[in-house]
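Produce the complete structure using the sequences and hints provided.
There are 4 protein chains.
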Amino acid sequence: MSKINVAVLGATGSVGQKFIELLTNHPWFEIIEVAASNRSAFKKYGEAANWFMQTPMPEKIKNMVVKECEPNLTAKVVFSGLDSGVAGEIEEKFANAGYIVISNSKNHRFDENVPLMIPEVNADHLEMLKNQSNGFIVTNPNCSIIGLVMALKPLHDKFGIEKVNVVTMQAISGAGYPGVPSLDIYDNVVPFIEGEEPKLEKEPAKILGKLNSSNKVDLADIKISAQCNRVAVTDGHTECVQIKFKNKPAKEEIIEAWTSYRGEPQKLNLPTAPKQPIHYFEENRFPQPKTHRNLEGGMAVSVGRLRECPLFDYKFVVLSHNTVRGAAGGTILIAELMKERKLI
Amino acid sequence: MSKINVAVLGATGSVGQKFIELLTNHPWFEIIEVAASNRSAFKKYGEAANWFMQTPMPEKIKNMVVKECEPNLTAKVVFSGLDSGVAGEIEEKFANAGYIVISNSKNHRFDENVPLMIPEVNADHLEMLKNQSNGFIVTNPNCSIIGLVMALKPLHDKFGIEKVNVVTMQAISGAGYPGVPSLDIYDNVVPFIEGEEPKLEKEPAKILGKLNSSNKVDLADIKISAQCNRVAVTDGHTECVQIKFKNKPAKEEIIEAWTSYRGEPQKLNLPTAPKQPIHYFEENRFPQPKTHRNLEGGMAVSVGRLRECPLFDYKFVVLSHNTVRGAAGGTILIAELMKERKLI
Amino acid sequence: MSKINVAVLGATGSVGQKFIELLTNHPWFEIIEVAASNRSAFKKYGEAANWFMQTPMPEKIKNMVVKECEPNLTAKVVFSGLDSGVAGEIEEKFANAGYIVISNSKNHRFDENVPLMIPEVNADHLEMLKNQSNGFIVTNPNCSIIGLVMALKPLHDKFGIEKVNVVTMQAISGAGYPGVPSLDIYDNVVPFIEGEEPKLEKEPAKILGKLNSSNKVDLADIKISAQCNRVAVTDGHTECVQIKFKNKPAKEEIIEAWTSYRGEPQKLNLPTAPKQPIHYFEENRFPQPKTHRNLEGGMAVSVGRLRECPLFDYKFVVLSHNTVRGAAGGTILIAELMKERKLI
Amino acid sequence: MSKINVAVLGATGSVGQKFIELLTNHPWFEIIEVAASNRSAFKKYGEAANWFMQTPMPEKIKNMVVKECEPNLTAKVVFSGLDSGVAGEIEEKFANAGYIVISNSKNHRFDENVPLMIPEVNADHLEMLKNQSNGFIVTNPNCSIIGLVMALKPLHDKFGIEKVNVVTMQAISGAGYPGVPSLDIYDNVVPFIEGEEPKLEKEPAKILGKLNSSNKVDLADIKISAQCNRVAVTDGHTECVQIKFKNKPAKEEIIEAWTSYRGEPQKLNLPTAPKQPIHYFEENRFPQPKTHRNLEGGMAVSVGRLRECPLFDYKFVVLSHNTVRGAAGGTILIAELMKERKLI
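Just so you know, the protein sequences line up as chains F, R, A and S, in that order.
Residue numbers for the first sequence follow the working numbering, beginning at 1 and rising by one.
Residue numbers for the second sequence follow the working numbering, beginning at 1 and rising by one.
Residue numbers for the third sequence follow the working numbering, beginning at 1 and rising by one.
Residue numbers for the fourth sequence follow the working numbering, beginning at 1 and rising by one.
Hints may contain errors.
Identical chains share a label here; the pair holds if one copy fits it or two copies do between them.
Taking lysine to aspartate or glutamate and the EDC-like style, the derived pairs with C-alpha atoms no more than 16 Å apart in a straight line are [as the list claims (entries may be wrong)]:
id: 1; residue 1: Lys62; residue 2: Glu282
id: 2; residue 1: Lys223; residue 2: Glu308
id: 3; residue 1: Lys223; residue 2: Asp313
id: 4; residue 1: Lys62; residue 2: Glu283
Honestly, the hints are just simulated from the structure, not real lab data.
This is the structure in structure tokens:
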């Protein structure tokens with residue numbers, strides 16, 4: 001089987017670099033072009049990018065000449081790690097020109113016909129693409145939301161969720177590069193992340209929403225309150241969650257719902273899919289970013305400390321890798337699902 | 001005025017060292033004895049203690065011979081930084097022998113006649129001592145509770161609090177020394193602290209409770225849910241708090257209640273008292289451990305990010321220094337209050 | 001080919017855990033027994049070990065019953081991650097009973113007939129085993145030495161080294177578990193590591209020494225001065241090195257000597273061997289622990305910043321993974337070499 | 001006595017903020033003006049500056065309107081914390097206009113008639129100002145040099161120093177703000193600081209040089225090799241030093257030379273001067289940034305681990321606070337010395 005040619009937009013940024021790292025040696029996709037802002041365009045990637053991944057820059061990419069983010073690329077599938085300051089317009093131009101844009105940026109997440117996808121959760125939302133013409137835009141949710149919503153999905157399906165309270169402790173890599181100055185976060189907690197809490201209170205309703213007969217999404221009726229903190233962790237967002245159910249299950253039923261959950265990526269055995277999307281840990285001190293963020297290549301979600309709550313029904317801790325599952329890896333999984341559905 | 005002689009029990013431990021640091025040059029109290037476990041007793045303090053404060057060990061203390069924790073000390077007032085494994089029994093022995101024990105340990109916090117004190121909050125609880133005979137035991141609350149309860153107090157007085165939800169991000173110094181292994185916490189969050197959540201859900205009710213006519217405390221009727229995390233911060237506990245009121249006030253009323261609050265320590269102008277116990281910060285990114293933990297010598301509480309909550313009435317962030325306000329400093333403030341009340 | 005049965009001594013400690021992690025799925029070796037101190041013996045490994053690796057504990061090991069460190073094991077090849085407090089005697093007992101002991105502990109490193117091995121550097125030292133009777137003891141050098149000596153070896157062979165000056169910045173994982181208290185190292189540098197500097201000044205002379213006709217080692221005549229620091233890094237020792245040569249080469253000759261170097265493990269294509277043992281980086285800011293410690297599975301050594309020195313001939317920076325290349329991984333590579341040489 | 005009016009140039013930057021923090025409540029100097037780049041000029045300081053000191057911004061400064069860096073200020077004494085990109089020209093303009101410029105920037109450090117001052121070391125170099133006309137420029141050395149040269153001075157005076165080898169581990173605050181991205185330094189060491197090593201190899205010769213009869217400096221004849229690393233420490237530069245003497249003293253003579261050393265600031269009892277400029281610690285694990293950086297208000301230098309060296313005569317560790325002693329505090333001390341000498 002010959003591979004599908006893809007390009008990475010915003011290739012020199014932190015999400016772009018992660019796309020490149022994860023797509024190197026991908027069985028289905030082959031990066032043939034990298035594009036970035038004018039500052040980088042026409043330079044060799046190896047000179048344009050301040051590479052800070054923990055694996056060496058792939059030789060092949062190092063020698064590619066960075067292209068402009070214009071819809072004159074050869075590859076018809078583009079992964080977008082563009083900064084939200086420019087992503088909106090550029091992605092639209094590409095879609096209008098017939099490209100398939102799979103984006104990690106926030107700009108089009110709430111467009112009426114754009115799916116906001118977690119393949120394990122709402123694979124059926126790809127039907128929304130029928131309402132898009134020319135090319136497509138498909139989006140990946142915010143990094144702090146993916147792990148949470150994956151943990152909510154099997155519970156919402158079985159027991160109905162009414163309210164969710166969440167306090168996050170988010171890794172510095174979530175802010176991109178150069179991102180958080182070390183003087184700001186070292187020996188510190190910053191109890192504020194610009195724009196993050198509204199996303200957390202809003203995006204889950206679309207992801208968990210029902211596709212209606214017009215192939216649009218009816219938002220799920222879940223009330224969410226979020227508080228977001230930046231902590232001194234390299235990778236991995238940890239979240240303290242509380243839930244009020246419509247029908248309160250037993251603790252064992254929740255754990256069983258989590259550990260037995262399998263979504264479309266598992267059924268289709270997609271290359272980037274974790275075998276078990278949700279792992280539950282019995283040890284009180286788990287999950288932790290350092291220990292669990294790389295579980296199943298960083299694509300699995302770790303949950304622990306499930307216990308009754310005096311104010312809600314239950315409380316627990318959820319952990320996921322913010323730049324893999326929560327960004328580039330999750331976006332690639334969407335592309336794999338689309339390929340299996342013949343949308344790519 | 002001649003100073004009052006005091007001793008420190010558990011003087012080589014982390015709380016003991018902080019007592020020594022904060023009592024050096026205290027205008028009212030003079031350390032004349034240090035006592036510790038058998039392992040340290042009869043050695044010079046300078047050899048027995050693995051000093052890790054950020055100011056040098058006071059010369060006078062360095063040369064003191066460490067005594068046993070037996071009630072044969074000359075000083076009649078003892079500050080206890082004993083480990084909870086031994087504090088219960090030793091503190092009782094001292095009290096029975098007529099000593100005044102002011103303790104940072106958890107063992108006697110819920111004894112019927114033992115006040116659990118934050119001088120700004122429940123100075124009147126000292127009346128409980130009338131029910132103790134011989135000496136006294138007075139206790140200081142857990143480090144994660146003091147900042148929280150100080151922030152709750154003026155709001156509870158004015159508007160009535162029904163429910164409190166709190167998620168903590170606690171500093172490593174809260175675990176004593178050697179405490180948390182660096183391999184466990186560096187580049188990590190540990191979402192569990194042994195025994196901490198039950199304390200947080202239980203102690204505030206006593207501190208905010210009303211003294212009845214028998215000089216016992218009727219617990220406050222506030223429902224609390226707590227989730228406690230250890231983060232990579234040296235000093236300073238940060239807490240994300242949500243409140244449901246009996247009578248929901250306006251945002252400005254809350255801020256006014258906080259900033260105008262003054263307790264007994266302020267009225268009496270106690271040496272260790274912060275001039276303004278609660279500071280409110282308008283900047284979204286505040287309060288932070290690094291920036292605010294040392295406010296007013298580490299004795300003030302910092303609050304910020306007050307905003308409406310979709311699930312409760314309000315949410316906000318509270319920050320206080322866990323080893324100063326939350327341990328040794330708070331305990332010394334109790335002693336100062338007792339001295340002014342002629343109880344010492 | 002059926003696998004060779006092996007056992008891990010000190011299996012619950014930090015080196016022991018790393019042995020288990022790296023030997024899982026090893027093509028040649030199969031762990032059939034784990035042994036540890038009396039405290040752990042007779043318990044299931046999953047209960048006895050406080051597992052803190054970043055990959056999950058292998059299921060097969062979890063259910064093994066921990067054995068005592070007595071020479072009644074079935075496996076005839078044992079990897080020792082024993083604490084140096086007990087390693088000396090236990091390893092001797094095993095060797096006397098005919099076992100092949102491959103050890104990461106310091107105790108026997110300077111025994112006259114015990115090779116101190118870096119397979120890329122002194123594969124011929126295995127001849128020393130001819131002077132051992134019954135079983136064998138083979139040892140792996142200290143973690144701060146392996147990267148350094150690998151970088152010295154090709155230069156010493158070609159140009160002769162007279163003097164080496166080295167200042168290390170060593171990772172916290174080098175101290176084992178629980179190891180360094182977080183309060184000691186967070187926001188800090190500790191300019192002292194017990195016993196480390198003498199090792200660094202002494203071990204290289206044996207490793208770089210020449211095997212004589214009696215199969216004993218004549219120490220290399222290199223003068224070394226070492227200063228060792230602990231820094232807040234999880235894994236990866238960084239070292240600032242200065243060298244005085246017998247015959248000062250050009251800068252390019254040194255880089256060429258490094259990048260072209262291949263040892264026995266490369267020639268034999270051993271499973272754990274890095275393809276290129278020494279990588280040179282041209283960027284001024286490299287090598288760094290975070291970026292390069294995992295190069296070639298953590299088995300390669302990274303070098304950079306080679307430049308002339310006003311006091312010596314050259315100065316440069318060397319970086320290697322202390323628990324992989326510098327401990328368990330290096331030890332496994334020795335075993336692989338021994339297997340190819342029919343010594344196992 | 002009425003205070004001397006001063007201004008701070010580059011007042012919104014990290015050194016500028018430290019000047020403001022340290023000059024607040026200074027007994028001799030009073031900040032009456034703050035000046036900064038066009039981006040900040042004409043705004044209130046409280047709005048222009050992203051204050052990140054660990055004490056609150058002084059109220060008086062908060063309300064000052066930031067002025068342009070033009071020589072039309074009322075104050076005749078200006079402290080410069082200007083970025084080196086602009087400091088050269090601006091400082092010259094001020095000096096030509098008759099102002100007294102005391103600068104922390106590197107631009108004029110090697111001007112023939114500009115003293116490069118550490119008041120404890122070369123107070124006599126103020127004579128060089130006789131060769132300047134109109135106003136003056138006086139400079140403070142680089143942050144990594146001050147602690148080192150203070151430790152060298154008493155040894156050079158008594159025993160003669162021939163060679164110095166130094167490897168630094170420098171704090172993130174040394175890079176200003178925003179400075180080092182957290183993703184670059186967290187869980188990492190960066191073995192390179194742009195331009196730092198040449199400064200370390202060059203500046204000490206001027207500071208330790210002799211004033212000749214033309215009031216110019218004859219450079220000291222000391223050969224230095226430096227290697228500079230950035231480590232994850234907030235404040236405090238740690239340096240591993242080796243020395244070759246003209247006349248090798250005994251260990252005790254060196255310690256005695258350090259602890260008994262007193263310079264002009266001590267003799268004149270200047271307000272910012274440490275009582276004892278150099279402290280020696282006997283404990284192997286000292287000095288450390290966390291424990292000793294704040295010694296004597298951050299103005300003292302801490303030394304430890306003096307021991308013989310196989311390659312030089314001795315090796316030891318030196319530690320000093322890079323933003324206090326090594327920047328703003330050191331610069332203020334120069335001003336105090338100038339005031340006593342009637343140069344201000």
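Right, here's what the structure says about each hint:
1. Taking CA atoms no more than 16 Å apart as the test, Lys62 paired with Glu282 passes between copies only; the shortest distance there is 15 Å, against 44 Å inside one copy.
2. For the identical chains of this complex, Lys223 and Glu308 are inter-copy neighbours only, at 14 Å across copies versus 19 Å inside a copy, given an alpha-carbon limit of 16 Å.
3. Both within a single protomer and between protomers do Lys223 and Asp313 lie at most 16 Å apart by alpha-carbon distance, with minima of 14 Å and 14 Å respectively.
4. For the homomeric pair Lys62 and Glu283, the shortest alpha-carbon distance between copies (14 Å) is at most 16 Å, but the shortest distance inside one copy (44 Å) is not.
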